[in-house]
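Asker: The primary structure of each chain is shown beneath.
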Amino acid sequence: MNILTLFIFIPALFGFLILALPDGLKQTFKYITLTATLIQLALGIYLYLNFKTGAEFAGINHEQQFQFVQKLPWISLNMGNAGRMQVDYFVGVDGISVLMLVMTAVVMVIAVLASWEIKQNLKGFFALFLMLDMAVAGVFCALDFFLFYLFYELMLLPLYFLIGMWGGVRREYAAIKFFLYTLFGSVFMLLIMVGLYLSVTDPGTGNHTFNLISMMNPANYTQGSVFSLASHQTLFGVPARVLGFVVIFIAFAIKVPVVPLHTWLPDAHVEAPTPVSIILAGVLLKVGGYGIIRICMGIFPEVAVSGAFWIGLLGVISIIYGALNALAQRDLKRLIAYSSVSHMGFVLLGLASLTAEGVSGAMMQMVSHGFLSSMLFFLVGIIYDRVHDRDIYNFRGLATTMPQYTTFVMIAFFASLGLPGFSAFVAEAFTLAGTFKSDLVPHWMAVCGSIGILLSAAYFLWTLQRMFFGKELLKGGDAWKQALTGLKIREKLALFPLAVLALALGVMPSLVFGKINDSVLALIEFTKHMVR
Amino acid sequence: MPQLLPNISAQLNSVTDGLSMFRPELCLGVLFLLVMACDLVYLNNRGRASRMLTCAGLLLVLVANWGEYIETDDNVLFLFNNNLILHHSNIVLKMLIDAAAFAIVLFYPWDDQLRKHGKGLGDAYTIITASVLGLHVMVMSATLLTIFLSIEMVSIASYLLVAYRTESGFSAEAGLKYVLFGMAASAVMLYGISLFYGLSGTLNLFDAGLITHLQQADSAMVMLAVILILAGIGFKLSVVPLHFWVPDVYQGAATPVTAYLSTLPKIAGFGLLVTFLTPFIADLSWEQVDFVTVLSVAGIITMIAGNFAAIWQQNVKRLLAYSGIGHTGFALMAVVTFSAQGIKALNFYLAVYAVANLGALMLASYFANTMKAENLDDYKGLGFKYPVASVCFVILLISLTGIPVSAGFNAKVIVFSAVYEVYQQGHNVMLLALLVTGAVTTVVSLFYYIKIPLYLFLKKQETEGREYPSYKKLLVMVVVLSAIVVLLGIFPDLLANLM
Amino acid sequence: MTSITPHIDSVVVTCTLLAAGLPLGASAVNFLLPGKTGRASGWLSVLAILGSLILAGIVFSKVWNAGEWSVQQAWFTIGSTTVYAGLLFNNLSALMLLLVSAIALPVHIYSTAYIKAAEQNRYFTYLSFFCFSMLALVVVNNLVMLYAFWELVGFSSYLLIGFWFTRDGAVKANKKAFIMNRIGDIGLLSAIIILFVQYHTFDLTLLFGQNGLVFNSFMRNGLWMAPAHQLPAVWQCIAFGGVFLAVAAKSAQFPLHTWLPDAMEGPTSVSALIHAATMVAAGVFLLGRVYPLFNTTELDILAIIGCFTAFLAATIALTQNDLKRILAYSTISQLGYMIMAMGIDAYASSLFHLVTHAFFKCLLFLCAGVIIHEVQHIKDEHQLDIDPQNILYMGGLRKKMPITFMATVVGCLALVGIPLTSGYLSKDGILIQAFEWAESRAWYYEILPVGILLTSALTAFYVARLIFKVFFGEFKLKEIFPDIHLHISDGSWAYRLPLILLALCSLFPLFSWNPLLYEHAWLFKGFLPVDYLVRENVYHAIVPALINIISVFVVYWAYAVYLQQRKLVFSQKSFLFKLSYHHWYIDTFYQQVVVKAVVAFSQALFWFDRQVIDGLIHQLTRAGKLLAGMSAWADRYIIDGFLLLITQVVKGIGSFFRSFQGGKVQYYLYSMLILMLTLFIIKLLV
Amino acid sequence: MITLTHYLLVSAALFSIGLYVILSKQNAIQILIGIELMLNAAILNLVAFGKFDKINNGGQSFALFAIVLAAATTAVALAIVLNVYRRYKTIDPGKINQLKD
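In order, the protein sequence lines correspond to chains G, Z, P and R.
Using this note's numbering, you'd call the opening residue of the first sequence number 1 and step up by one each time.
Using this note's numbering, you'd call the opening residue of the second sequence number 1 and step up by one each time.
Using this note's numbering, you'd call the opening residue of the third sequence number 1 and step up by one each time.
Using this note's numbering, you'd call the opening residue of the fourth sequence number 1 and step up by one each time.
Among the clues, some could well be false.
To spell it out: a stretch of chain Z is covered by chain R in this simulated footprint if at least three of its residues, at any positions, have a beta carbon under 8 Å from a beta carbon of chain R; those stretches are [stated by the list, open to error]:
hint, stretch
1, 149-162
2, 167-181
3, 193-207
Derived contacts from chain R toward chain P, CB cut-off under 7 Å, selection only [what the hints assert, rightly or not]:
hint, residue
4, L23
5, A75
6, G94
7, N97
8, L99
9, K100
10, D101
Simulated from the structure, these hints should not be mistaken for laboratory data.
Quantities reported herein were computed from a predicted structural model and do not represent experimental measurements.
Note that the Cβ used here is the ideal one computed from N, Cα and C, for glycine as well.
Using the sequences and the hints, build the whole thing.
Answerer: This is how it looks when you write it as structure tokens:
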């Protein structure tokens, strides 16, 4: 059994188990889910440890350089004169995806730990949770566009229900907004996907193929097909490849999210229950970034290069706009949601630079943000569970009431605002360095990006000052004070590893860079090569 | 008269030859008689015997069709002196019709409204059997005469079915609207046929002189004739602007009838449309009527009208009616390709649509049976009460929207690729516009489809409604259909390669 | 391990790592051990820092004047760039290492008494962490790590300023301090990135060493040419700007200085260590590290800013009543000296002053701490509503706290620059070099040395005022609240020992055998460039004399103003009697005018500082908030509004198509006909 | 001489009258009559054109089929109208509009 296949389908297996068990056993569901995610984590660690590095394992556009590959023929449709429609079950990892997988595994465990507070309809919750887990894992492993798309869309439905059924007051609005936003992006991506499929033939079989890696090689495009590099076709008067890039980019930009396509995110985050917020921020946003790397830049490198300025600009706008918006919020969760927008802006900026530093920085930022945002949302969840309020103005002096909690909050906040020693610092610093180094984006973007760092300090410190320091003053009075108990073991168990991971990645960035470096270099080399 | 004599023997030969390939239809004819007789004999069991007979018969017809399917392979056969045409794609559609009819017949007594009909359902099975015969002919027709004949045959049957529940005002109203609209449409079509006949000089669509004659005629007249004929077909397909009857009739008719209306005539209508267009497309010199543009515009408007108007709906059946209009528009996209691949895609799309739509309507019936829930508001919180049904509903709606992992998604992909493939050769902007509209309306369709899960799961039930006995068999049927949808979502080639 | 020079010495490396690591260990232990360890945690940290001091001493003895060398270990590789973790050994790092641990030790000891037992665990966690950051900062060999520790220093300062987190003032102050430091950090980060892109390395030695990359780059045709890369010249200026911002923020220079007075909300011991001696000196240290980057114009800017800050802060200090604020402004002023010294190429003097200032300012703060502690005690005991830091409530403490008094006097004398103190040596060096520097330039450059001289005078004034107000006269609090019960003393040995130690270090012997000539100081010599020429000129005689004369006068004025005018009884005291001998020299009225003018000016400047400079920052904050509000508004109404519009459009289209469905079948037929006809006609026409 | 054109004109007129009746009359039966008129217009056309289709006599035979089917349809329609009248007590299609958006 292929380890990636196991990784993907273990959650599904356990999900069916949960569905099969009677409702009476509902107290065991969370343990079953926890077991599933822990197995996944173990597999993830195994993957990480056995992942080979070196230029010959760089991946990106060389199929044979991927690791843990499984390729099975899956769908084969006879399409008459258009040949056969060939879809493979094709999974594998390279440096870009392996870290995403490991991060996913970790975040999922944390999310399960955060699900302890879910009280109603446990069966549905955990079944959907595991389905979502499977979809996410699949997205990061899939090397066939069709498979990728399948998993990509499969994420939507569980999320819709997870937000809609277990969410806050405006959950219906948030859920539907999220769903429509994402579907809007992905439906058009579907069009481009089909176009790509019809443009590309598998050199081996001569069939049209959805193989992502084949799509990266310009030689595989049929002469005169819409997306062929050589044929310069136009769609609606726009060069077809530019349009293709833009459409797919928009689809992923919605996921990232990039201003101005971000407004689903604050709503979704605020309304979602804590575990879902954690998954959303920790993993799903990364799907956007990953997609941009794997698909946008992999298939349309020359457009990525020529459009770098605009991508970078969007990144900078996201950074600053997200930070400013965070500054204006009074709902703690919303503040963190906007901070995610700001932080993910760095990913885009780094990717736009197309330098080894920038892309590595962006990857690091994704991993780092995965852990840190999970931690932040977990922390918000803790306080929300206790008093069902998270308005910053309703709290004051929490440091006195909950000293340990405050310590974790401070760690998370300072790590997020880029304090050296934590992962976000390395990520942001090198993203900016890469941006500055790049010939594709102007230097001022790096400077603007650094303003975002400053603003992030402003809103995090303001929150600390307003909410945690000063004399204790709670809106709910003594009732709240009673409710705001110290951290439970389970909560510590979730928070501590995250804090340690953030610290470890900050002190030993090579944990990440060591694995991704070859792939990143290969990607840069590949884009340069394609432009030439 | 003398010159006709050799013709007669040739025609008689053709008839006798054709009979062998007419087995399914013969079966249907016999079945019709048997069911009628059975209904007369077993008056007291409210049509149970007729139903079993119909089901068995339909299965037999299906098998007969399968035989034809294997026999014909890729050949094109003309039967009965070129009155009927038989080929791979037609047979596929016929099989689809049989299968769907089978499901609908099963569905009939499971709906409370119909079951409580005073006179029992024996007639209904007779009518359905007759209409299936009509649908078969409709799919196979190759002359204007058979087209008109079959359409009328189906129409009369449909009128009767819609107005079947004589005790219900809604049913009667729907019947009236349907019959008036339908008759008007067929009158218009007949007028078109008469003009077409006059212009082309032949009733046979595959006549060698057809195109030449039409090319010599005044192009405005030709267009008028063609458009009037298309109006008749479009009425069956519910293409804009011939869709006005759809919401009212779907809502007013009993749910199984709605299921019938939204699938069978539509499938046959598409088969007919393709057959009707074939001679024009096959002749490369034809340019009097630009079918690509006409159908594309119709398709785009239909997609928009159906999907956008559905957003406002509160009644579930009405919502599904509008969505059905949208799906017609989408299927038209596949027709517009005029390629073998496109036809394949169309057939697959129709099959998948039929499965999902039938399932959805069965669920509408299920909830109407158990909770008297017809509007979205009545669905509040039912998801927790009926988890299996509600989950199936979600799966079926996902398929109708076209999101993975569902058959609907694969159908959509296949249609998209067919259109793309044709676009790549011809660079016709209409095709791109179709693609984009298809994508946009998919998003819009989610907006209303998702409302059903929204009410089922996300809203809380306000009042405890009265509960009626649940319908296990109906539920089993729905589960089977949902399973098919998911299975085809993962392995579309199981079915698609047969198309 | 790779090394750049063969000097590799594993003892030194181990010692350095340990020296920085011990406080980290202490901090970690304190952090992980929950709550109630009490004083034990304090002693743990003291031991750690004592160890650091000893190790630093060893390192110093081996490294001082032994050339420059570094060791490094690959840290991580990003792309094709490998980032190293390494140590750089030269005079600067050895000296700073020693200085930081030497200052930190007395402060640690002092803190064990100063901080309540219950809070010590947390306090020493932060304090040790600060020591670790600071010690590491001074020995690292590349810019990435430099930046990292640079920011960690700021972070630990944040923690310590807000140590009493239930006080709003403290929390606001630490937020302000961190954000202003962050501005500097951003500047530094930008500068580092620019340097990295330009030179493809972060290594300090490669960049700034002898014949390093920076030496080999030059400007041509508006381009900044480096061996491997080139950038438009403006980026060199931006890099300077970035470094300057960093320095200004950390060393509290104009215009980013306003956080430092606010930072006095922290415990006094923290102020002594961080905001007087070490962290604020980091800016100067950074300048020392990246010195070769600057061109002459940029150095001039530094000099001007330094001089201006020195003057500004000194004038403000004149009228402050908060004991710690006076010292804070004094610190800003003294840091201005150092920055200016850097700007005028007096590199060695600047660092020399850094060291001496560290000792005496730390001393002064600790003294202030003792005083405040005692007053606070009274306040707590009698539930008085007073500010324990206000010097107007003090007076006559000379008798009650003799050791503190002596120590304060030593510190103040050093601050003023009276002979026999360390301050005299270092400050005179700067002044003399300032004159020398201005001599070779246009006349208006003379403003700088004159300004700085004036500042010296002002320094003398506020120092004298402080001493007179606090230690002479009567205890004012007793006058206001006659029934309070006083038991003021120097406190325990944990207070006295650091004071004595630091007071000794503030005298000349530690630095030079010659109490009058700064050129003879070993420390000064340690930083001289190889080709330094000792210039014998008139300034060396005039300037010290001038300063001392002025100082004496100023102190007298102060005396006259603050003691004689109000408390005539006091003038009978022998020491003051001697001074009153010169009374006729100065017209009282004239004094009043001058003093009043100065005071008025000072208050105006203070107002300017609070309202305009700080106000500007507040305005910036407000602008930021406004912007944030605007973008939130835009988010809600424009972007989401746009979505709403789309929804409306979709619904509109929907309701258009729906409007046909009126339920009347003839209307349907009619619509159908019309639509078909329309399509038909359009088709015919097109 | 009655030429094809005359037939066509008469048929067109019949068709138009039928259409007008369909759209304007407020009685379902009258609408059915209108539809019959339209059907007859078409049948007239078919027969007229059938003159030129000597070999198959398609037009004539078609006309026969059409007449039969029209009768059947009308029968069904009348039944439905009758039923509607029972429920609504009116056969004005404009007033039977319970089913609408």
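Asker: Run every hint past the structure and note whether it holds.
Answerer: Hints, one by one, checked against the model:
no., hint, verdict
1, 149-162, "holds (count 6)"
2, 167-181, "holds (count 11)"
3, 193-207, "holds (count 8)"
4, L23, "holds (5 Å)"
5, A75, "violated (19 Å)"
6, G94, "holds (5 Å)"
7, N97, "holds (3 Å)"
8, L99, "holds (6 Å)"
9, K100, "holds (3 Å)"
10, D101, "holds (4 Å)"
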